[in-house]
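With the hints as a guide, bring the two chains together.
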Amino acid sequence: MKIENAIEVNDVSMCFNLSREKVDSIKEYIIKAIKHQLFYEEFWALNDVSFEVRKGDSVGLVGMNGSGKSTMLKIIAGVLKPTKGSVETAGTIAPMIELGAGFDHDLTARENIFLNGALIGYPREMLEDRFNNIISFAGLERFVDVPIKNFSSGMLARLGFSIATIVDADILIIDEILSVGDYQFQNKCKKRIREMMDRNTTVLFVSHSIEQVKEICKKAIWIDQGHIRMMGEAEEVCDAYEDPNEKVK
Amino acid sequence: MSLLSVFVKYRNLISQLVARDIKTKYRRSILGLLWTVLNPLLMMTVLSIVFSYFFSRYGNIDNFPVYLLCGQVIFNFFNESTSIAMGSIVHSGELIKKVYVPKYLFPITKVMSCSVNLLASMIALVIVMAVTRARVTPTVLLAVLPLFYVLMFSTGVSLFLSAVAVSFRDLMHLYSVITTAWMYLTPVIYPMEILDKAPEWVKLIVNLNPMTAFIKIFRCVVLEGVTAPAILHVQSIFWCAVALAIGSLVFRKAQDNFILKI
Ligand SMILES: Nc1ncnc2c1ncn2[C@@H]1O[C@H](COP(=O)(O)OP(=O)(O)OP(=O)(O)O)[C@@H](O)[C@H]1O
Ligand SMILES: [Mg+2]
Chain A
1 MKIENAIEVN
11 DVSMCFNLSR
21 EKVDSIKEYI
31 IKAIKHQLFY
41 EEFWALNDVS
51 FEVRKGDSVG
61 LVGMNGSGKS
71 TMLKIIAGVL
81 KPTKGSVETA
91 GTIAPMIELG
101 AGFDHDLTAR
111 ENIFLNGALI
121 GYPREMLEDR
131 FNNIISFAGL
141 ERFVDVPIKN
151 FSSGMLARLG
161 FSIATIVDAD
171 ILIIDEILSV
181 GDYQFQNKCK
191 KRIREMMDRN
201 TTVLFVSHSI
211 EQVKEICKKA
221 IWIDQGHIRM
231 MGEAEEVCDA
241 YEDPNEKVK
Chain B
250 MSLLSVFVKY
260 RNLISQLVAR
270 DIKTKYRRSI
280 LGLLWTVLNP
290 LLMMTVLSIV
300 FSYFFSRYGN
310 IDNFPVYLLC
320 GQVIFNFFNE
330 STSIAMGSIV
340 HSGELIKKVY
350 VPKYLFPITK
360 VMSCSVNLLA
370 SMIALVIVMA
380 VTRARVTPTV
390 LLAVLPLFYV
400 LMFSTGVSLF
410 LSAVAVSFRD
420 LMHLYSVITT
430 AWMYLTPVIY
440 PMEILDKAPE
450 WVKLIVNLNP
460 MTAFIKIFRC
470 VVLEGVTAPA
480 ILHVQSIFWC
490 AVALAIGSLV
500 FRKAQDNFIL
510 KI
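Listed in order, the protein sequences are those of chains A and B.
Just so you know, we're using my numbering here: the first sequence kicks off at 1 and counts up by one.
Just so you know, we're using my numbering here: the second sequence kicks off at 250 and counts up by one.
Same shape as in the complex, but just chain B (with noise of 0.2 Å):
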């Protein structure tokens, strides 16, 4: 069946699907989507009131608050889709014993139910972009390229992850090391500069990273007011077809034997 056929088919069980995620998400919090509003903001100012002062010796970076932010959103996305897509498969056992269903629904709607989450947070930098009365340019509408990207590459390292987390379930706790690490060597709080007097393998790493790509396009739309250089698309249409396929690829070969591992 095409992909297309299959969520035509299960459109009823996708929107299920997402519709509990982001009702058990929502339910234990009195502020319910105001939360994901707020979090983004408070941690920038307090990044900002913390890190602008460091950074400043690197030179100005014309409104931090809205450089950090853009990252801020970008790589939490990131993050979060996929630690949340990774136990998927684990945790939905109950229903997979049942009937059959194509499994990579659960770590789809996974990353669906938190592009909501992403689009709430979008409000977010608005709020902080008018409040820093930061220059808006039509450029901006090209955003949805990176956000594009990012979803992407994000569903295919989901795939990989759910389809890997059921033959190994440590796995799932080393990943907050990995994200961790992965966070260090995406320049989400820092400005690009401070990499001057890194090794040079540091510096090859963070632009090799899928993540500095997509955080380097979103940044030029929308904070820069320019279209960004076309190698950063080259490089991220990369990453996201490799994501694409190897985590299809692990996940198709695997999808048989989650029934008796679960």
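Next up, chain A with everything else stripped away, as it sits in the complex (with noise of 0.2 Å):
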């Protein structure tokens, strides 16, 4: 791997099983296995995906619904390990992929905190010394000790993302986060990315909002179909994403 590159993605393809129906007892998988209905309908979700990323550059990345965005975000934080070809990163990743993925929602606030902090690695004692920091940065201070399966989308979006973003990891992964929270959170949240990004954290950021990728991105990546369909500058990718006669085709 390359000195200057935080992410190093080489070849990546994902294969999925799209069975109909999902095959998990055992008195279904003997039925079928008579009956010999175990389909295995292959769907090749990216194919042969490769770029680098620059530490400290922030990338978006663009593409339809369906795409491979948020399966491409997956392999690189490593919950997904791809079909074909590696991935390599350098440093600590503060993934925000699902929302209240990380989370165990009969839990509150506080304890999820704590859970979740765990998970991504951080120390308990710096989870303690910014507790106050994480619940204020979030503006959750009235729901500190409420089970968070009674929260909204907007305020688990909140809690994900400054829990992750509570101190700088080396790679930032966003996928699609900001697009549940309200203008005021997301101007806080974008004002924290710039801020990590100062300091030279790597961004990699999903968004169907086309002004917050150019907003917030220098560099973005088109995917279409689980092909790279372009790769630049973020203004000149979007640009052709949102041109009107490419979509018609």
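Derived from the structure by calculation, the hints contain no laboratory data.
Do not rely on the hints blindly, as some may be mistaken.
[Unchecked claim] For lysine-lysine, the following DSS-like pairs were computed, each having C-alpha atoms within a straight-line distance of at most 27 Å:
#, chain 1, residue 1, chain 2, residue 2
1, A, Lys-84, B, Lys-502
2, B, Lys-258, A, Lys-81
3, B, Lys-502, A, Lys-27
4, A, Lys-218, A, Lys-191
5, A, Lys-149, B, Lys-272
6, B, Lys-502, A, Lys-81
7, B, Lys-346, B, Lys-510
8, B, Lys-346, A, Lys-190
9, A, Lys-214, A, Lys-188
10, B, Lys-272, B, Lys-258
11, A, Lys-84, B, Lys-346
12, B, Lys-510, A, Lys-35
13, A, Lys-149, B, Lys-274
14, B, Lys-258, B, Lys-346
15, A, Lys-55, B, Lys-258
16, A, Lys-190, A, Lys-218
17, A, Lys-219, A, Lys-2
18, A, Lys-190, A, Lys-219
And the structure:
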């Protein structure tokens, strides 16, 4: 891995099984096996994707629904293992991929801060020290001891973002987290992301709001049905992606 | 990464997961930890009254309450830890979907939190030994060995079950049937002499049963005050090695697909 890179994605392909029903019991398995109904329908969500991200860069991923953006981010975060190819990353990763993932919904916000923080790998003392910062940034002072199953999706996003960004990770991964926040929280988040970028954090950003991508990212990658369609300066890629003539195709 | 460095790196997560289990377990009952001590005591009392009468014709088991409790404590730990650990991957989907963590931490922390219960039930054993004025000899210290064996064996079985349960959810219901049968094939309640008239294959199963070896060693050192025959230790170590090898192999092969199935 090159020293100036934070992320290297080498020929990554990801294959899912799209069979109609999931067979997840012995009973079903035997019945299906007898009837010869154990289908495996391959679906390649990513095809030979390669790119590099330099340390301190901010890269936006754009593309239609189902084009493979979240899949790519999950592979980079190490949650998914690619069917082919490999990914290398340098340093710690603060991932915000799915709303509410990484939380135990029966526990309170307070307990989840410690659980989620531990999951990301933050030490307990640090979480205790910065507990009040986390709560106040998320603006959830009144809900500290409420089980998070009673939270709205925006509140969950606030909490997740606040925990993950309480210290500077080397790589920050944000998948549509901002889209559920209100404008006030979005501004707060953008400000924090910029501060982290100034301190050399690498940012990977997915959003369906092209304005946000242009605003936050220097570079962008357009993923189209699992292939890289275009890669380059954020403005250019976003303009091409938004070009109405392109979309009709 | 080596096992040790994983444990050091994730020590915060491990203590969180164990603490969460213990908290959720005791939050619901007012008696809390006391219940963990009382439960085996009550069970033991009832079973002692009934079975010491039934089994009296197989000669006298001296101190039946301690005999029984020794078996119960070991078998219950195995039963509880493996049954709970089995669902650990299936139920931690929300946690696994977010960041990379070594997934074996989930079944292993379940076994760890059940070990806390095991220690609590040791209190019950001490109480019964005191009340029945059982003879305490220095061999009691050797009790750590069978406890270690059952811990390792349960860990291996838990790794295997938690991985397999992701693909076959109904195994979780089936498992209680398996452990019930398993208990009857382990001398938990009955004395070994009861098997004298049993068919050969039953004797064979009971004697090959890893739980039988752990419980026999435990009774030797706690109840009889003698060191256990070496063959029992050989048998125990063999079963622990088999369980850990198969468990970690199956788990390792299956773990990359967990995320696609939960
Ligand atoms: N666990 C899975 N099993 C089967 N197919 C999957 C799985 N996860 C994703 N897919 C498929 O992979 C494709 C890419 O999904 P992905 O979530 O990466 O899209 P996306 O670009 O993030 O879309 P969106 O903009 O809607 O978030 C989709 O067609 C989806 O059906
Ligand atoms: Mg997505």
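Now the hints, each set against the structure:
1. A/Lys-84 x B/Lys-502: holds, 16 Å
2. B/Lys-258 x A/Lys-81: holds, 22 Å
3. B/Lys-502 x A/Lys-27: holds, 23 Å
4. A/Lys-218 x A/Lys-191: Holds, at roughly 16 Å.
5. A/Lys-149 x B/Lys-272: Roughly 18 Å between the alpha carbons, so the hint for A/Lys-149 and B/Lys-272 holds.
6. B/Lys-502 x A/Lys-81: Distance ~13 Å between B/Lys-502 and A/Lys-81 Cα, so the pair holds.
7. B/Lys-346 x B/Lys-510: Within the cut-off at roughly 11 Å; holds.
8. B/Lys-346 x A/Lys-190: holds, 25 Å
9. A/Lys-214 x A/Lys-188: holds, 17 Å
10. B/Lys-272 x B/Lys-258: With a Cα-Cα distance of about 23 Å, the restraint between B/Lys-272 and B/Lys-258 holds, given a limit of 27 Å.
11. A/Lys-84 x B/Lys-346: The hint holds at about 20 Å.
12. B/Lys-510 x A/Lys-35: Holds - the C-alpha atoms of A/Lys-35 and B/Lys-510 are around 22 Å apart, at most 27 Å.
13. A/Lys-149 x B/Lys-274: holds, 19 Å
14. B/Lys-258 x B/Lys-346: Answer holds: B/Lys-258 to B/Lys-346 is near 20 Å, not above 27 Å.
15. A/Lys-55 x B/Lys-258: Distance ~25 Å between A/Lys-55 and B/Lys-258 Cα, so the pair holds.
16. A/Lys-190 x A/Lys-218: Since the Cα atoms of A/Lys-190 and A/Lys-218 sit roughly 14 Å apart, the hinted pair holds (cutoff 27 Å).
17. A/Lys-219 x A/Lys-2: holds, 19 Å
18. A/Lys-190 x A/Lys-219: holds, 16 Å
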